[in-house]
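Peer 1: What follows is each chain in one-letter form.
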Amino acid sequence: MKPSKAIKGGMFFTAVLGCAVVIIAMVVIVMVTIIHGGWGTFSWQFITQAPTNGMTSGGIFPAIYGTFLMVLTMSIAVIPVGTITAIYLAEYVSSQSILARFIRFAVNTLAGIPSIVFGLFGLGFFIEFVGRNLDRALLPAGELRWSQPCLLWASLTMGLLTLPVVIVSVEEAIKTIPRDLREASLALGATKWQTIRRIVLPGSMTGILTGGILAVSRGAGEVAPILFTGAAYFLPHLPGKLSDQFMELGYHVYIMATQSTDVDATAGIQFATTMVLLLLTFTLNFTALIVRSIMRSRARR
Amino acid sequence: MKKFSIIAGCALIGLFGMGAAKKQVITVKGSDTIVILAQRWAESYMAAHPDVSVQVTGGGSGVGISALINGTTDICDASRPMKNSEIDKLKTRFNSLGVEIKCAKDGIALYLNESNPVNELSLDQLKAIYTGEITNWKDVGGKDEKIILYGRENSSGTYVYFRDVVLKGSDYAPATQTLPGTAAVVNAVSKDPNGIGYGGAAYAKGIKLAKVKKDAGSPAYEPNAETVKAGTYPISRYLYMYVRNKPTGAMKAYIDWTLSAEGQQIVSKVGYFPVN
Amino acid sequence: MSTFTGKHTIRVGEWVIETSIRAIAFVSLAFIVLIFVFVLREAAPLLIGKATDDSGAAVTLAKLFSSPFWMPVSNHPTYGIAALILGSLKVTLISLVVATPLSIGAALYTAVFAPRWTKEIIKPAIEILAGFPSVVIGFFALIVMASFFQHLFGLQYRLNALTGGAALALAVIPIIFTLTEDALTALPKQFTEASVALGARKWETALFVLLPAATPGVFAAVLLGFGRAFGETMIVLMATGNAALLSLGITGPVRTISATIGAEMAEVVFGDAHYNVLFFLGFLLFSVSFSLNVVAELFIRKRLMKRFTGAA
Numbered sequence: 002m003k004p005s006k007a008i009k010g011g012m013f014f015t016a017v018l019g020c021a022v023v024i025i026a027m028v029v030i031v032m033v034t035i036i037h038g039g040w041g042t043f044s045w046q047f048i049t050q051a052p053t054n055g056m057t058s059g060g061i062f063p064a065i066y067g068t069f070l071m072v073l074t075m076s077i078a079v080i081p082v083g084t085i086t087a088i089y090l091a092e093y094v095s096s097q098s099i100l101a102r103f104i105r106f107a108v109n110t111l112a113g114i115p116s117i118v119f120g121l122f123g124l125g126f127f128i129e130f131v132g133r134n135l136d137r138a139l140l141p142a143g144e145l146r147w148s149q150p151c152l153l154w155a156s157l158t159m160g161l162l163t164l165p166v167v168i169v170s171v172e173e174a175i176k177t178i179p180r181d182l183r184e185a186s187l188a189l190g191a192t193k194w195q196t197i198r199r200i201v202l203p204g205s206m207t208g209i210l211t212g213g214i215l216a217v218s219r220g221a222g223e224v225a226p227i228l229f230t231g232a233a234y235f236l237p238h239l240p241g242k243l244s245d246q247f248m249e250l251g252y253h254v255y256i257m258a259t260q261s262t263d264v265d266a267t268a269g270i271q272f273a274t275t276m277v278l279l280l281l282t283f284t285l286n287f288t289a290l291i292v293r294s295i296m297r298s299r300a301r302r
Numbered sequence: 243m244k245k246f247s248i249i250a251g252c253a254l255i256g257l258f259g260m261g262a263a264k265k266q267v268i269t270v271k272g273s274d275t276i277v278i279l280a281q282r283w284a285e286s287y288m289a290a291h292p293d294v295s296v297q298v299t300g301g302g303s304g305v306g307i308s309a310l311i312n313g314t315t316d317i318c319d320a321s322r323p324m325k326n327s328e329i330d331k332l333k334t335r336f337n338s339l340g341v342e343i344k345c346a347k348d349g350i351a352l353y354l355n356e357s358n359p360v361n362e363l364s365l366d367q368l369k370a371i372y373t374g375e376i377t378n379w380k381d382v383g384g385k386d387e388k389i390i391l392y393g394r395e396n397s398s399g400t401y402v403y404f405r406d407v408v409l410k411g412s413d414y415a416p417a418t419q420t421l422p423g424t425a426a427v428v429n430a431v432s433k434d435p436n437g438i439g440y441g442g443a444a445y446a447k448g449i450k451l452a453k454v455k456k457d458a459g460s461p462a463y464e465p466n467a468e469t470v471k472a473g474t475y476p477i478s479r480y481l482y483m484y485v486r487n488k489p490t491g492a493m494k495a496y497i498d499w500t501l502s503a504e505g506q507q508i509v510s511k512v513g514y515f516p517v518n
Numbered sequence: 549m550s551t552f553t554g555k556h557t558i559r560v561g562e563w564v565i566e567t568s569i570r571a572i573a574f575v576s577l578a579f580i581v582l583i584f585v586f587v588l589r590e591a592a593p594l595l596i597g598k599a600t601d602d603s604g605a606a607v608t609l610a611k612l613f614s615s616p617f618w619m620p621v622s623n624h625p626t627y628g629i630a631a632l633i634l635g636s637l638k639v640t641l642i643s644l645v646v647a648t649p650l651s652i653g654a655a656l657y658t659a660v661f662a663p664r665w666t667k668e669i670i671k672p673a674i675e676i677l678a679g680f681p682s683v684v685i686g687f688f689a690l691i692v693m694a695s696f697f698q699h700l701f702g703l704q705y706r707l708n709a710l711t712g713g714a715a716l717a718l719a720v721i722p723i724i725f726t727l728t729e730d731a732l733t734a735l736p737k738q739f740t741e742a743s744v745a746l747g748a749r750k751w752e753t754a755l756f757v758l759l760p761a762a763t764p765g766v767f768a769a770v771l772l773g774f775g776r777a778f779g780e781t782m783i784v785l786m787a788t789g790n791a792a793l794l795s796l797g798i799t800g801p802v803r804t805i806s807a808t809i810g811a812e813m814a815e816v817v818f819g820d821a822h823y824n825v826l827f828f829l830g831f832l833l834f835s836v837s838f839s840l841n842v843v844a845e846l847f848i849r850k851r852l853m854k855r856f857t858g859a860a
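Listed in order, the protein sequences are those of chains A, B and C.
Heads up, the first sequence is in my numbering, so the first residue is 2 and it goes up one at a time.
Heads up, the second sequence is in my numbering, so the first residue is 243 and it goes up one at a time.
Heads up, the third sequence is in my numbering, so the first residue is 549 and it goes up one at a time.
Don't read these hints as lab results, they were simulated from the structure.
Computed from a predicted structure; not experimentally measured.
A portion of the hints provided could be inaccurate.
Said to hold, decoys possible - Think about it this way: if two alpha-carbon atoms lie no more than 20 Å apart in a straight line, the pair counts; the simulated SDA-like pairs of lysine to any residue are:
#1 B/LYS331 / C/ASP820
#2 B/LYS471 / B/PRO323
#3 C/LYS671 / A/LYS6
#4 B/LYS456 / B/SER502
#5 B/LYS433 / A/ILE25
#6 B/LYS369 / C/THR567
#7 A/LYS9 / A/ILE25
#8 B/LYS488 / B/SER502
#9 B/LYS325 / C/VAL842
#10 B/LYS511 / B/PRO461
#11 B/LYS265 / B/PRO323
#12 C/LYS671 / A/ASP265
#13 A/LYS9 / C/LEU755
#14 B/LYS333 / B/THR314
#15 C/LYS667 / A/LEU18
#16 A/LYS176 / C/ILE569
#17 A/LYS6 / C/GLY747
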């Protein structure tokens with residue numbers, strides 16, 4: 002009986018270890034394949050030049066620039082909103098209250114909504130509703146500016162998608178702020194807002210930073226929400242206004258893989274673009290990981 | 243934090259404020275089939291005329307036409323003629339029927355895997371293959387293998403054109419795999435020994451083109467400049483540019499240039515065929 | 549916390565700030581409602597029977613579910629969404645069949661057996677996987693995996709449900725792993741101690757005590773994984789072949805709900821029946837993810853309640 006149990010135990014151990022190994026192997030294979038395929042094409046010129054020859058050669062600078070503008074605009078919208086929501090949840094309501102539960106449920110739901118639905122929403126709400134009414138109010142009849150896909154709407158759509166990421170990170174950071182600090186501040190006569198500004202906000206900076214980085218990483222990688230809210234196939238000029246369309250890295254990967262004019266000639270570009278996107282999100286996530294672990298170890302002390 | 247807000251603030255101001263350059267801007271929007279061509283035209287034209295900026299975006303013929311109707315583009319590229327219902331809408335909005343410019347010819351090529359022994363197909367065979375009546379290559383002179391169908395997404399002008407001209411309006415077999423771009427179709431066929439796909443001749447790399455004949459008795463032709471121009475290649479179409487009113491000024495200069503010898507040379511370079 | 553607010557001197561400034569904070573905190577709640585309203589609004593003509601196709605025929609919900617064909621751009625358009633729903637379910641289930649055992653196994657290993665240094669490899673690796681943009685996985689599946697699978701299994705179709713599902717598993721694994729691992733480590737220490745005291749081995753404890761005890765959490769993890777896979781767009785759009793077939797085969801091409809929206813939305817005429825149907829599909833996706841979230845929430849909460857009452 003005993004040896005067979007030992008064998009069973011060994012088998013079980015091998016099986017669960019095997020699962021972990023398989024997953025790690027898959028991560029490594031994907032990364033290695035893509036880096037291997039893209040390394041030959043990757044160069045300084047590749048990330049600083051625009052595509053040329055009908056996108057069969059040249060670089061991807063406009064896509065990098067467009068991605069940057071999008072995540073910047075997105076951050077400006079999502080970081081304050083996310084931070085304030087987290088502060089409200091942590092400081093203004095008890096976690097058992099109905100309100101807090103409702104908001105938390107909304108945040109969880111938001112995190113679970115498929116990204117393509119955000120795209121539809123961006124189209125239906127921002128472009129077809131907000132944009133159309135803005136144009137009706139601001140522009141001479143027949144002229145359109147905000148009721149078409151553009152940088153602003155894509156960024157806001159993406160901001161909505163990344164909102165839960167920021168809220169969760171900031172909340173986690175706020176929880177690490179010692180209770181006594183707040184109580185001391187309040188006891189000294191500071192108002193609640195003064196306490197938040199002087200104690201809670203500074204204490205949650207790392208959380209805001211992590212949340213921001215993770216949101217940027219997520220936003221830079223998602224494609225479905227911007228398919229119909231602002232991404233462009235090709236633009237000869239860099240976007241200069243919020244009402245311009247823009248090229249984007251993830252979208253560029255998609256169109257290069259499915260719509261490029263010469264599949265063989267652009268294979269290197271496809272891999273290299275994917276590699277840039279992968280390394281970008283990898284670096285961002287890794288930074289967030291480090292910032293968070295610093296935060297956690299500081300909280301433990 | 244403060245520094246960040248200043249940087250962000252500057253960037254925002256830049257975003258709102260910039261872009262109002264004094265250049266003459268021509269916006270071009272529409273068919274993904276034409277976007278490669280339009281983009282090359284824009285590149286060359288802007289190199290020679292730095293005072294003009296030609297902005298090209300794809301999205302599909304439908305997108306281009308609705309942008310023309312909505313007034314958000316100056317030129318619309320379309321791989322199919324405008325429908326009457328669309329012209330009506332343009333008329334109600336702008337009191338104009340629009341101006342149609344045929345800017346290039348395109349042969350819809352049939353892509354086969356290089357290992358496929360089949361070299362030519364008739365229009366009837368193509369119809370039978372794509373509607374699912376013929377499902378085995380041996381019925382059209384090939385190996386005893388199942389035919390794997392590839393096609394374009396239903397939003398593309400090519401999908402509609404092929405259905406109307408080759409399938410005579412019937413629907414595609416449901417087993418047709420619709421891929422999001424012509425490149426994806428070419429890529430799929432190049433890797434699938436039993437695949438068949440269709441799309442612009444311009445894209446054909448790494449696969450072979452089937453010769454197409456009108457009916458079983460007639461000679462088969464490959465899509466090239468002569469056969470498309472002469473109309474002997476049976477599946478060819480015009481590519482169009484639409485504008486709202488008779489073009490003037492910079493727009494006229496640009497359109498005239500695209501139709502000039504220089505512009506039409508770019509057409510051939512991209513893989514389409516000159517109009518004249 | 550809120551009891552600490554200055555009680556006697558409620559200053560105006562403080563009130564303004566608190567009100568604005570409260571208002572902003574409702575943004576996420578408001579947007580959930582807005583998403584519901586606006587996605588439904590664009591699908592509305594279909595629901596109230598006002599949608600007609602180009603030929604003037606009415607497009608109704610009944611037709612949507614009963615028609616076997618998805619031929620939205622046709623001289624006689626048919627909007628049979630059954631094939632799309634089947635496609636989404638097929639790909640999702642395949643991805644879960646691949647991802648669930650792998651993730652639970654790896655989570656058991658990490659939570660029960662792994663020494664500290666292995667944890668420091670596994671957890672970041674999973675986080676890296678979670679950070680892979682879906683378009684990158686889609687690209688990998690389209691270019692590399694599809695050919696590999698075709699040769700490995702001798703498949704007739706290069707792009708098919710199996711390849712798409714396997715690629716999708718890469719996106720689902722981090723979710724199931726993380727939540728399962730959380731559920732396992734959240735179990736009270738007494739479970740292990742009691743089990744070991746009764747003479748059980750580590751693996752017996754893991755399999756017969758910890759895993760059953762964590763079942764609600766694991767179930768919630770699989771549900772959320774289902775939600776992620778069901779709504780994922782770029783991977784399936786690129787790797788499944790997108791043919792809307794009403795078949796149960798897993799080696800043929802499939803067309804999913806999300807890929808259909810992604811591929812067709814950009815070019816439909818706004819306001820016509822096709823547009824309404826695509827928004828209706830979006831509404832379906834929204835409803836599925838919303839319900840899954842509710843169920844998962846209940847399960848996790850129940851588990852927490854049990855733990856509290858058990859500990860008390």
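Peer 1: Now tell me if each hint is right for this structure.
Peer 2: To see whether the hints hold, each was checked on the structure:
| no. | hint | result |
| --- | --- | --- |
| 1 | B/LYS331 / C/ASP820 | 14 Å, holds |
| 2 | B/LYS471 / B/PRO323 | 19 Å, holds |
| 3 | C/LYS671 / A/LYS6 | 30 Å, violated |
| 4 | B/LYS456 / B/SER502 | 32 Å, violated |
| 5 | B/LYS433 / A/ILE25 | 29 Å, violated |
| 6 | B/LYS369 / C/THR567 | 67 Å, violated |
| 7 | A/LYS9 / A/ILE25 | 24 Å, violated |
| 8 | B/LYS488 / B/SER502 | 18 Å, holds |
| 9 | B/LYS325 / C/VAL842 | 47 Å, violated |
| 10 | B/LYS511 / B/PRO461 | 27 Å, violated |
| 11 | B/LYS265 / B/PRO323 | 31 Å, violated |
| 12 | C/LYS671 / A/ASP265 | 37 Å, violated |
| 13 | A/LYS9 / C/LEU755 | 11 Å, holds |
| 14 | B/LYS333 / B/THR314 | 16 Å, holds |
| 15 | C/LYS667 / A/LEU18 | 12 Å, holds |
| 16 | A/LYS176 / C/ILE569 | 18 Å, holds |
| 17 | A/LYS6 / C/GLY747 | 13 Å, holds |
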